[in-house]
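Asker: So the protein sequences, as listed, match chains A and B.
Under my numbering, the first residue of the first sequence carries the number 529, and numbering increases by one thereafter.
Under my numbering, the first residue of the second sequence carries the number 244, and numbering increases by one thereafter.
These are calculated hints, taken from the structure and not from any lab test.
Glycine is no exception: its CB is placed at the ideal position from the N, C-alpha and C atoms.
Among the hints, a few may not be true.
Using C-beta positions, here's what the derived DEER-type ranges look like [claimed, not checked]: (1) A806(A) x V429(B): 53 to 61 Å; (2) R582(A) x R337(B): 50 to 58 Å; (3) Q427(B) x L558(A): 53 to 61 Å; (4) M537(A) x G409(B): 35 to 43 Å; (5) L544(A) x G369(B): 26 to 34 Å; (6) M551(A) x L440(B): 51 to 59 Å; (7) E248(B) x L558(A): 53 to 61 Å; (8) A806(A) x E380(B): 46 to 54 Å; (9) L544(A) x E269(B): 40 to 48 Å; (10) D330(B) x M537(A): 25 to 33 Å; (11) Y320(B) x M537(A): 50 to 58 Å.
Below, each chain spelled out in residue letters.
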Amino acid sequence: MISPITYLMRHVLAFLGALGRLMRRPLGTLLTTFVIALALALPTGLWLLVKNARIATGGLAETVELAVYLRTDVSLPSAEALAERTRKRAGVESVILVSADDALKEFREYAGFGDAIDALGRNPLPHLLRVRPALEEADPVSVAALQRDLSAWPEVESIRYDSAWLQRLEALFAVLQALFQALAVVFSLGVLAVIGNAVRLEIASRRAEIEVTKLVGGSDAFIRRPFLYSGLLYGVVGGVLAMLMLSALGWVLEGPVAALSLEYGSRYNLAGLHPEEAGLLLIASGALGLIGAWVGAARQLKAIDPQP
Amino acid sequence: MIEFERVFKRYPNGREALHDVSLQIEAGEFVFLTGRSGAGKSSLLKLIALLERPTRGQLIVNGQDTGRLPRRAIPAYRRRLGIVFQDHQLLMDRPIYDNVALPLVVSDTRFRDIDKRVRAALDQVGLLGRERVLPAELSIGEQQRVGIARAVVAKPTVLIADEPTGNLDHALARDVMNLFQRFQEVGVTVVIATHDLALVQELGHREVHIDDGRVIV
Chain A
529 MISPITYLMR
539 HVLAFLGALG
549 RLMRRPLGTL
559 LTTFVIALAL
569 ALPTGLWLLV
579 KNARIATGGL
589 AETVELAVYL
599 RTDVSLPSAE
609 ALAERTRKRA
619 GVESVILVSA
629 DDALKEFREY
639 AGFGDAIDAL
649 GRNPLPHLLR
659 VRPALEEADP
669 VSVAALQRDL
679 SAWPEVESIR
689 YDSAWLQRLE
699 ALFAVLQALF
709 QALAVVFSLG
719 VLAVIGNAVR
729 LEIASRRAEI
739 EVTKLVGGSD
749 AFIRRPFLYS
759 GLLYGVVGGV
769 LAMLMLSALG
779 WVLEGPVAAL
789 SLEYGSRYNL
799 AGLHPEEAGL
809 LLIASGALGL
819 IGAWVGAARQ
829 LKAIDPQP
Chain B
244 MIEFERVFKR
254 YPNGREALHD
264 VSLQIEAGEF
274 VFLTGRSGAG
284 KSSLLKLIAL
294 LERPTRGQLI
304 VNGQDTGRLP
314 RRAIPAYRRR
324 LGIVFQDHQL
334 LMDRPIYDNV
344 ALPLVVSDTR
354 FRDIDKRVRA
364 ALDQVGLLGR
374 ERVLPAELSI
384 GEQQRVGIAR
394 AVVAKPTVLI
404 ADEPTGNLDH
414 ALARDVMNLF
424 QRFQEVGVTV
434 VIATHDLALV
444 QELGHREVHI
454 DDGRVIV
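With the rest of the complex left out, here is chain A (with noise of 0.2 Å):
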């Protein structure tokens, strides 16, 4: 019967002779952690760019707002009372008057139209009621009732509401999301086929070693057991480098993020691998390499028969 002891010092023996092997070819090694590194941060950088998103316009999809259009003959006074029967009624957040003043005020300030209204001479912009719904009544079958009813008012001209781009960008994320998915299957493929291939030209190089431990009676598990930790330090270092990889990259595209963002009126920052994201990275790429490392040892350790 093995002892507890015995058997973890085996464990650390296999582990620090995996390492050591590869320490001793240090460029083949670099270079299949390298591809192995590439192969995972496509993916999870995908990954990131949906997450980032999805964070930097998910203050947009909070802002469904009706943009209420009165006829250009109706005043600021009944505007005004409209305002308060719209606010009155159920399901709704708030109501924003855009009075026709303060509409083309801001039309002058920003769009640098001023010219071309000073020509018109008079004002051509109706008042315009921003009406938010309760979140809660935000579903587009309750914004649709909204729209129904304030529509049948006689002073309103025409309502605005745009839900089709926040649909149209749900719908752009799942396809994202879905590419995501492919991408990490096809990935994981590539990592294990690399994986499963280093372990099998390691086999190669040490075929002599392998035989004369059979003839000794080691066990299969004995044998293979050395192949699997460098399977898994293949996969964990190489899932180290490709987070080194993301952050780099974050770190180049933190400049021209911000920039954008200002012009946006906004400072966004970028998000990177929250640590159980990061934990779940390390997770998966160390299981791809044990099951490559498995896949690549086990044909060609049962070939491997020992002929004196």
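Given chain A, put chain B in place with the hints provided.
Answerer: Chain B in isolation, oriented as in the chain A frame:
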């Protein structure tokens, strides 16, 4: 105890290496297998080491029917067996200490026992004090001794050797044989294939002569 009962061995290429071999080797016995090259001595030893399986017949070692042993049980079986090869099968890039320790490392031996037993085995073959030497730095006779130390380090009950003196001159061969005799004296069953008939005569142990795959009594 090793018992061959009507064992046939035919290789995939059609060559019949053993033909209807029945043979009994008692526990603690010292047996020479003699015969020309290709007579079937090596095949017989390979069957004992489970490096090959009989085509027909039964081989019982230490009361165990080897034919019923599944593949995964072979490593544990081999750990109870000491095997010495003509070309010693040492790992040339490892010090002789590591080579001798290998059978203990693959078994469930505790680490503090390994060192003691490796040194004892090296002492028995007269190589104590040279643990860190690589096999290539040793003479052929000394390499063969390392092979023997590795074969006995796990204290097997059966020791088999295929032409262990094939590359050695008479004096060195005699030394190696004396070593095997000492293991037999402490109760190990020893089976040695050799074509060194002078040595066999000299030592006077039981001789099993094999010719063309048959045991000649």
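Asker: All the hints need checking, so say for each whether the structure fits it.
Answerer: Against the structure, the hints come out as follows:
Restraint check, A806(A) to V429(B): a C-beta distance of roughly 60 Å satisfies the suggested window 53 to 61 Å. The hinted window of 50 to 58 Å between R582(A) and R337(B) holds, with their beta carbons roughly 56 Å apart. For Q427(B) and L558(A), the hinted distance range of 53 to 61 Å is satisfied, since their beta carbons lie about 54 Å from each other. Range check, M537(A) to G409(B): about 38 Å between beta-carbon atoms, so the 35 to 43 Å window is met.
The beta-carbon spacing between L544(A) and G369(B), approximately 32 Å, falls within the hinted interval of 26 to 34 Å. Between M551(A) and L440(B), the C-beta spacing of about 53 Å keeps the proposed range 51 to 59 Å intact. Between E248(B) and L558(A) the beta carbon distance is about 58 Å. The supplied range of 53 to 61 Å therefore holds. For the pair A806(A) and E380(B), the beta carbons lie near 50 Å from each other, so the given range of 46 to 54 Å is met.
Checked against the hint of 40 to 48 Å, the C-beta distance between L544(A) and E269(B) comes to roughly 45 Å, which is consistent with it. Against the hinted window of 25 to 33 Å, the Cβ-Cβ separation of D330(B) and M537(A) comes to about 32 Å, which satisfies the hint. At roughly 24 Å, the beta carbons of Y320(B) and M537(A) sit outside the given window of 50 to 58 Å.
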